[in-house]
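Q: Next come the chains, spelled out residue by residue.
There are 2 protein chains.
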Amino acid sequence: MRVDVSSARGPYPVVVEPGALARAAAEIEAAAPDATARVIVTDENVDAHHGEALRERLRPSGVVVLPPGEEGKTFRAVEGLLDRLVEHGLDRRGVVVAAGGGVVTDLAGFAAAIHLRGVRSVLLPTSLLAMVDAAIGGKTGVDTPRGKNLVGAFWPPRLVLSDPALLGSLPRREWIGGLAEVVKTALIADASLFEELEATSVDALRADPRAAAGTVARCARAKAELCSRDERDDGERQLLNLGHTIGHALEAATGFRGLSHGEAVAVGLVTEARLAERLGLAADGLAARIAALCRRLELPVRGPAVEVAHVRSFLRADKKREGRALRFALPVAVGHVERVDVADEAAIDLALAEAVAESA
Amino acid sequence: MRVDVSSARGPYPVVVEPGALARAAAEIEAAAPDATARVIVTDENVDAHHGEALRERLRPSGVVVLPPGEEGKTFRAVEGLLDRLVEHGLDRRGVVVAAGGGVVTDLAGFAAAIHLRGVRSVLLPTSLLAMVDAAIGGKTGVDTPRGKNLVGAFWPPRLVLSDPALLGSLPRREWIGGLAEVVKTALIADASLFEELEATSVDALRADPRAAAGTVARCARAKAELCSRDERDDGERQLLNLGHTIGHALEAATGFRGLSHGEAVAVGLVTEARLAERLGLAADGLAARIAALCRRLELPVRGPAVEVAHVRSFLRADKKREGRALRFALPVAVGHVERVDVADEAAIDLALAEAVAESA
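Chains V and B, in that order, are what the protein sequence lines are. Numbering of the first sequence is given in the numbering used here, commencing with residue 1066 and proceeding in unit increments. Numbering of the second sequence is given in the numbering used here, commencing with residue 1066 and proceeding in unit increments.
Honestly, the hints are just simulated from the structure, not real lab data. Since we're looking at a predicted model, the values are computed, not measured. We put the CB at the ideal spot given by N, CA and C, even for glycine. Fair warning: there could be bad hints in the mix.
[Stated by the list, open to error] Example chain B residues on the side facing chain V (calculated, C-beta under 8 Å, incomplete):
no.	residue
1	F1140
2	A1142
3	E1144
4	G1145
5	V1151
6	L1181
7	G1183
8	G1206
9	L1215
10	V1216
11	G1217
12	R1360
13	R1361
Let the hints inform the model, and build the full structure from the sequences given.
A: This is the structure in structure tokens:
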């Protein structure tokens, strides 16, 4: 599958194909023919599995290996990475090649956006989450103690190359986290995918590379289309925030330690569906149906014990706030999501109370 | 004077007019009619002189007062500023109003570029240097220990409003620094301004607000036109690097303490003219003429004692490097500057040796 994403800096291809890593060098050459230097940015886990293949195939000017994990997605980490790019001689015509999950593509993409006021990036997502979501659409950034992705840039890459064969080495828990974004995308844009997911399981998907590759391609295409129509997230693209408004606040409220991103999104999907029901936007039963699919895919439907007021304080710092109301993407039905400004704080609090463990 | 600058994110006006600060609120309102919050970013010196007027006229949601000086233009300072923007409730539709010299407009402009992946900025330059150069063209960024502006973004403001009446409170040394950028602009684009400068003095300019306002307007227009034709600095805009390739390296090599930016640029202008003569691009005498004007305007023509090899190491990290050659903007004659890739390291070293004090 190959689809072009439109951006203010020109279109770029998203390629999803088992075995694509083998021709990464040629694809990068085509996307950035005059590149003076290529620096690979990756993390320790990806390096352990794919580092050798990446070095052999891409012959980089340098490799920067970051510690893994969302807790490393900080301003300080970007500062260190920028220093390393200078050390490796990455000048204005160099290319940053980010090989990893969403943390690596967000962080390295952001470093590319601000190194020498912007150099080109190429993304080689290695996790399910990055292949279906994080690597597509040009959003880059880091977390701050006040919330997720509060600092960043829109910086479209020159190429996104996904090789679903790499998912064979992805730990089971990361597979599960990525499936939260798959469920989200299906809810927004692909009702038949949602139904197929209702008839599968984590292990069935992991055991069937062809089915997994097909799922990645469908989600990547759906995201590419939304981002092409609304690069800067002023309109339709905001549908992709489904599950994330509450998910991000939960992640921040638990110090990015209680839940993985995907797990937080799953809780967010269920909670926002409950909010949609409470506001009369969705028919009763939608939240239960989403919760059943999440449970089937071994995703949580409720977060750890944390005070509702604490979660609410992070919602208030949300990028999507418009004056007093909070902007949500809320599910109306499977395959139909709408953007809604919610000023009803009581309804939000009730939904939040259901999103966290009862002991809180 | 009012001129529109083209940018990928749409045109924005640059206004130069004595007394313009009095109608800053209306101009900002016109440039960002739906703004939810306005946060003023300034420094202690500007706050002491103009803080009260700014607060009264703009009724901001918050004011962030930074310590003054180039040494504060760091990644850490941006991190702190981003936190303050969140504290002051600056959401996606808020506006960052940067009121100050080049350090403030570069730093606050960069914070605006990466806060919530980009919010609007308005620049109210208060120094001669910022009015004629730094505030125009959308370049934002910070220094790193490895060099000036190595980290940053192109982030066009929505409005640049210059009130030359504010220059009345500008310290004499800062006037002199700003004049280096005036000389640079005249060398590139305005031979008659260069000749007028050869017949004036620092005190004459400071004593004649009308002449000063006219000079600011001519330089601002020249810069606006170059940036409109080449926003991302891939071509013609690079002429504005005149004096800066060597100037930046000197600043970095002296730890940003030996020379002010303007002083470093003056040394750079003379040194690059000498390089142009040595390469046979400029007629003999041009460097002497530029040096005479710099001396007349009380600008240095030689930097402090520092090792040539040390300066060269910073030249090598320059953003404008293209492979092995260094890209310079070199003066051919007054009013005529050309971009030249210089691979002749001996010529560069000889020019550098003349740029630093003899004891080095």
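Q: Check each numbered hint from earlier against the structure, then list the numbers of those it violates in ascending order.
A: 2, 4, 12, 13
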